[in-house]
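Following the hints, put chain D in place on chain X, whose structure we already have.
These protein sequence lines are chains X and D, in that order.
Residue numbering for the first sequence follows full-length UniProt numbering, starting at 1 and increasing by one per position.
Residue numbering for the second sequence follows full-length UniProt numbering, starting at 1 and increasing by one per position.
FYI, nobody ran anything at the bench for these hints, they're computed from the structure.
Careful: at least some of the hints might be erroneous.
Capping the alpha-carbon separation at 30 Å, the derived lysine-lysine pairs in DSSO-like fashion look like this [to be verified]:
| id | chain 1 | residue 1 | chain 2 | residue 2 |
| --- | --- | --- | --- | --- |
| 1 | X | Lys16 | D | Lys425 |
| 2 | D | Lys353 | X | Lys432 |
| 3 | X | Lys16 | D | Lys353 |
| 4 | D | Lys231 | D | Lys61 |
| 5 | D | Lys61 | X | Lys127 |
| 6 | X | Lys384 | X | Lys465 |
| 7 | D | Lys35 | X | Lys384 |
| 8 | X | Lys213 | X | Lys231 |
| 9 | X | Lys353 | D | Lys425 |
| 10 | X | Lys384 | X | Lys333 |
| 11 | X | Lys436 | D | Lys199 |
| 12 | X | Lys336 | X | Lys353 |
| 13 | D | Lys336 | D | Lys213 |
| 14 | X | Lys35 | D | Lys436 |
| 15 | X | Lys61 | D | Lys61 |
| 16 | D | Lys127 | D | Lys239 |
| 17 | D | Lys436 | D | Lys127 |
| 18 | X | Lys465 | X | Lys485 |
| 19 | X | Lys127 | X | Lys231 |
| 20 | D | Lys35 | X | Lys35 |
| 21 | D | Lys336 | X | Lys353 |
| 22 | X | Lys436 | D | Lys35 |
| 23 | X | Lys353 | D | Lys436 |
| 24 | X | Lys61 | D | Lys353 |
| 25 | X | Lys425 | D | Lys353 |
| 26 | D | Lys16 | X | Lys353 |
| 27 | D | Lys384 | X | Lys35 |
| 28 | X | Lys199 | X | Lys353 |
| 29 | D | Lys16 | X | Lys61 |
| 30 | D | Lys425 | D | Lys379 |
Number of protein chains: 2
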Amino acid sequence: MSKSKAPRRPRAEAPKGFRDYFGTEVTARNEMLAKIAAVYHRYGFDPLETSAVETVEALGKFLPDVDRPNAGVFAWQEDEGESKAGDWMALRYDLTAPLARVAAQYRNDLPSPYRRYAMGPVWRNEKPGPGRFRQFYQCDADTVGSGNVAADAEICAMLSDVFEELGLGGDYIVRINNRKVLNGVMEAAGVLDPADPSKFEEERGIVLRAIDKLDRLGESGVRALLGEGRKDESGDYTKGAGLPASAADTVLAFTGARRDSGAETCAVLRELVGGSVIGAEGVAELEEMARLLEAQGYGADRIVIDPSVVRGLGYYTGPVYEAELTFEILDEKGRKRQFGSVAGGGRYDDLVKRFTGQAVPATGVSIGVDRLLAALAAKGQGAKPALGPVVVTVMDRARMTEYQAMVGELRRAGIRAEVYLGNPKNFGNQLKYADKRGSPVAIIQGSNEAEAGVVQVKDLVLGAKIAESASLEEWKSRPAQVEVKREDLVATVQAMLDDPA
Amino acid sequence: MSKSKAPRRPRAEAPKGFRDYFGTEVTARNEMLAKIAAVYHRYGFDPLETSAVETVEALGKFLPDVDRPNAGVFAWQEDEGESKAGDWMALRYDLTAPLARVAAQYRNDLPSPYRRYAMGPVWRNEKPGPGRFRQFYQCDADTVGSGNVAADAEICAMLSDVFEELGLGGDYIVRINNRKVLNGVMEAAGVLDPADPSKFEEERGIVLRAIDKLDRLGESGVRALLGEGRKDESGDYTKGAGLPASAADTVLAFTGARRDSGAETCAVLRELVGGSVIGAEGVAELEEMARLLEAQGYGADRIVIDPSVVRGLGYYTGPVYEAELTFEILDEKGRKRQFGSVAGGGRYDDLVKRFTGQAVPATGVSIGVDRLLAALAAKGQGAKPALGPVVVTVMDRARMTEYQAMVGELRRAGIRAEVYLGNPKNFGNQLKYADKRGSPVAIIQGSNEAEAGVVQVKDLVLGAKIAESASLEEWKSRPAQVEVKREDLVATVQAMLDDPA
Chain X
1 MSKSKAPRRP RAEAPKGFRD YFGTEVTARN EMLAKIAAVY HRYGFDPLET
51 SAVETVEALG KFLPDVDRPN AGVFAWQEDE GESKAGDWMA LRYDLTAPLA
101 RVAAQYRNDL PSPYRRYAMG PVWRNEKPGP GRFRQFYQCD ADTVGSGNVA
151 ADAEICAMLS DVFEELGLGG DYIVRINNRK VLNGVMEAAG VLDPADPSKF
201 EEERGIVLRA IDKLDRLGES GVRALLGEGR KDESGDYTKG AGLPASAADT
251 VLAFTGARRD SGAETCAVLR ELVGGSVIGA EGVAELEEMA RLLEAQGYGA
301 DRIVIDPSVV RGLGYYTGPV YEAELTFEIL DEKGRKRQFG SVAGGGRYDD
351 LVKRFTGQAV PATGVSIGVD RLLAALAAKG QGAKPALGPV VVTVMDRARM
401 TEYQAMVGEL RRAGIRAEVY LGNPKNFGNQ LKYADKRGSP VAIIQGSNEA
451 EAGVVQVKDL VLGAKIAESA SLEEWKSRPA QVEVKREDLV ATVQAMLDDP
501 A
Chain D
1 MSKSKAPRRP RAEAPKGFRD YFGTEVTARN EMLAKIAAVY HRYGFDPLET
51 SAVETVEALG KFLPDVDRPN AGVFAWQEDE GESKAGDWMA LRYDLTAPLA
101 RVAAQYRNDL PSPYRRYAMG PVWRNEKPGP GRFRQFYQCD ADTVGSGNVA
151 ADAEICAMLS DVFEELGLGG DYIVRINNRK VLNGVMEAAG VLDPADPSKF
201 EEERGIVLRA IDKLDRLGES GVRALLGEGR KDESGDYTKG AGLPASAADT
251 VLAFTGARRD SGAETCAVLR ELVGGSVIGA EGVAELEEMA RLLEAQGYGA
301 DRIVIDPSVV RGLGYYTGPV YEAELTFEIL DEKGRKRQFG SVAGGGRYDD
351 LVKRFTGQAV PATGVSIGVD RLLAALAAKG QGAKPALGPV VVTVMDRARM
401 TEYQAMVGEL RRAGIRAEVY LGNPKNFGNQ LKYADKRGSP VAIIQGSNEA
451 EAGVVQVKDL VLGAKIAESA SLEEWKSRPA QVEVKREDLV ATVQAMLDDP
501 A
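The shape of chain X in the complex, shown without the other chains:
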């Protein structure tokens, strides 16, 4: 192909991995976030909104030993003029890193403990895929400055309240685990030496990754990874942790320790951690959380101690929690499966330390906003599409002033309304437009009607129904179009809206 001399037109496309939200997609999210914010507020959490941009330094996303940021973030270098290299800046990839920066920057001004919530987009410079976007919303709540597990229990209770508030009562479970218990189990299994925590680091990494694959590989696969190693179907070999069978039993007993009641589960765990001090501490934390939650009336049908929660165990330092929606949906292959995880969190201790050198305990949760929205839609609990506007059609361009007066009256009565502002020549196009907008009512006034001081009010909802299925009786008892006096316009429209067909 020869190059064209005409300037190339830009492509009208959202960048790869980014998307646009229209109408109800925007309002549904806003409504859901407002409900969540109301729960967070009731729990004493305050909103915080940081900007999208942070220094890469503050985000802690420099690649090790390389003078450029992690490829996982969108980053650029400040332009400081010819002679000077500017700071690297990046879009935040989560809401925790900015919280860490804020907690350090304002440490003398913020209340302590500081309960804050944050809602907003985050950005990941990753390969986009179906349903995987490079900008998405998170909705976090964290308590900074409290080492008390009451703070963890509170976040779990708050999560539960969020689901109840969203109409998902009975369809969710918040599951709690504790990293310290796993550490105790590691100790009992011989891959953690409290006297030398740096020993067996590699083995512990393998154990963590192995139990994280329990869902996918099943018990026998994980047992292989805990032992000598595992060859997968392709023939690839994954090195194992080298645990003897009895130690592997201990680790698997941990992930399977859930019993009918929290007390029973904790009894099993206490047994498993044996003489480990850190393990006993973890079990005590779980027991304390169970007690606190029970005192507030959160039964095991809503919040449960479940050592099979493994996501995040490698990152968090104490309690870990995860919220799952338990109702079933059909997957892309038409098979039933549980909706699954929509939120997760836990306790982490080095939030502020990077900045100040001072350890500050913190715990918090992050809700996956898009997944939760999808869940609400699947359960029919999502926002209803907004009603389209009443459309005042234009029969006679010269009478635009009168049409504007009509629409002004309707709006002042709180009714969503507009005059058709496209080319009015083809009246059919005006009704097609009203249809596309989901308009409930159209107003028609030609010069004959104007002279007679009347307007036609067309019930588009009823009209659509009649066109589809109504009987003659229905048609007669409630015609889809009525002629009313001009001064009765607003009342007539209001009545149609109040009593939809």
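Below, chain D alone, put in the same frame as chain X:
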């Protein structure tokens, strides 16, 4: 100073020109935007949320003849691997450019006309200054696909309704001008030749810039710029448009054409544009807008035709509008001045043309969210700070379960409440914390109270008042701390909150 070997700690600072929003700063903005969205909705506008990131190509921000984006945007190049240079991406610098892309990308699916509103942050890579940030909120409404000035009139009416909704009735004015009228005046002044629009381009640029300086330079300064040129106080010379005195009179008569009524103003303008076809068209548009707005009851006290509106005249192609808040504030030097402009917009025709080659008329407005928020605060119409949580203090760490039960009861009653989760050792710190949070009530229960089945409920609002000023009588009639039965806790707190001191 010698370099330290310890790894340097990252600075805990928001990047230069970016800021954090805490508590009420977040909720006040959200509340204001929700009110504006309700008005936009009533006018039939639908929400649209595009992502923060666009291709630089779509934004149209490549520097002319240079293979890199405009310095005014934050931009980076997609990482496509070693061998391939990726697309340039950038943060949006306004909400209009993404609308243009969306209007082109979805042109076959969107209703036409397409009324959309958008609210969100935009980013400018500019030197930050006091009160000038590199991320700030905009709130736009645009109608794409209607060339009818009824669409412009509608946006002006909607702006007026927004201010009324926000409690600024009587404190604002929406002013309307028209670029076509200015073109007619240019024609009359001899710097626009309808037969050859490219002629006198430089002169027209000078005229535009000159009238834009009317506020700052006054009539004589502008007259100099319209004529031979002007030497400023520093001795710098600015070249003039070279207009003869009579032509300069015509231009200045244009900016000063506002009369008591829209009809009178239009009569003056019609005189000024003389035989110019485009000028007459502009005057007719202003007359039509005045008629439409009057029919809806918007008097000249709310929306007025005012040719002294010059902002945007160089950019827009037809009607131009600007909203000003007319109440007075004190500037940084303590002098009274009008609050000034908070929104502006107008008609522009090449929105979609860049992408599709097809001209699509559009008109819209952008509200400066931060300025409007500041105005609301100045008028006492801003959001009230959220009430702090009721704080259940911790007198006895072993009784945490009971404290959590109390807070659970309060929250279930819809009362914002929390248990103190810091180190409870120093009780004074707990009350200091409650003070910092703006807590209205504190709950106290030590082991003595627990045994007696009672709690202490401390009215912190009243307590603060008494500490300041109350008489002995007030103190006696309403003690700041009451002891009530444990089961009366919620009712007692509720009563205190309902009847604040």
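Consistency of the hints with the structure:
no.: 1; hint: Lys16/X x Lys425/D; in the structure: violated (55 Å)
no.: 2; hint: Lys353/D x Lys432/X; in the structure: holds (25 Å)
no.: 3; hint: Lys16/X x Lys353/D; in the structure: holds (23 Å)
no.: 4; hint: Lys231/D x Lys61/D; in the structure: violated (34 Å)
no.: 5; hint: Lys61/D x Lys127/X; in the structure: holds (25 Å)
no.: 6; hint: Lys384/X x Lys465/X; in the structure: holds (19 Å)
no.: 7; hint: Lys35/D x Lys384/X; in the structure: holds (20 Å)
no.: 8; hint: Lys213/X x Lys231/X; in the structure: holds (14 Å)
no.: 9; hint: Lys353/X x Lys425/D; in the structure: holds (24 Å)
no.: 10; hint: Lys384/X x Lys333/X; in the structure: holds (28 Å)
no.: 11; hint: Lys436/X x Lys199/D; in the structure: violated (45 Å)
no.: 12; hint: Lys336/X x Lys353/X; in the structure: violated (45 Å)
no.: 13; hint: Lys336/D x Lys213/D; in the structure: holds (21 Å)
no.: 14; hint: Lys35/X x Lys436/D; in the structure: holds (26 Å)
no.: 15; hint: Lys61/X x Lys61/D; in the structure: holds (28 Å)
no.: 16; hint: Lys127/D x Lys239/D; in the structure: holds (28 Å)
no.: 17; hint: Lys436/D x Lys127/D; in the structure: violated (35 Å)
no.: 18; hint: Lys465/X x Lys485/X; in the structure: holds (25 Å)
no.: 19; hint: Lys127/X x Lys231/X; in the structure: holds (28 Å)
no.: 20; hint: Lys35/D x Lys35/X; in the structure: holds (17 Å)
no.: 21; hint: Lys336/D x Lys353/X; in the structure: violated (48 Å)
no.: 22; hint: Lys436/X x Lys35/D; in the structure: holds (26 Å)
no.: 23; hint: Lys353/X x Lys436/D; in the structure: holds (24 Å)
no.: 24; hint: Lys61/X x Lys353/D; in the structure: violated (41 Å)
no.: 25; hint: Lys425/X x Lys353/D; in the structure: holds (24 Å)
no.: 26; hint: Lys16/D x Lys353/X; in the structure: holds (22 Å)
no.: 27; hint: Lys384/D x Lys35/X; in the structure: holds (20 Å)
no.: 28; hint: Lys199/X x Lys353/X; in the structure: holds (24 Å)
no.: 29; hint: Lys16/D x Lys61/X; in the structure: holds (19 Å)
no.: 30; hint: Lys425/D x Lys379/D; in the structure: violated (44 Å)
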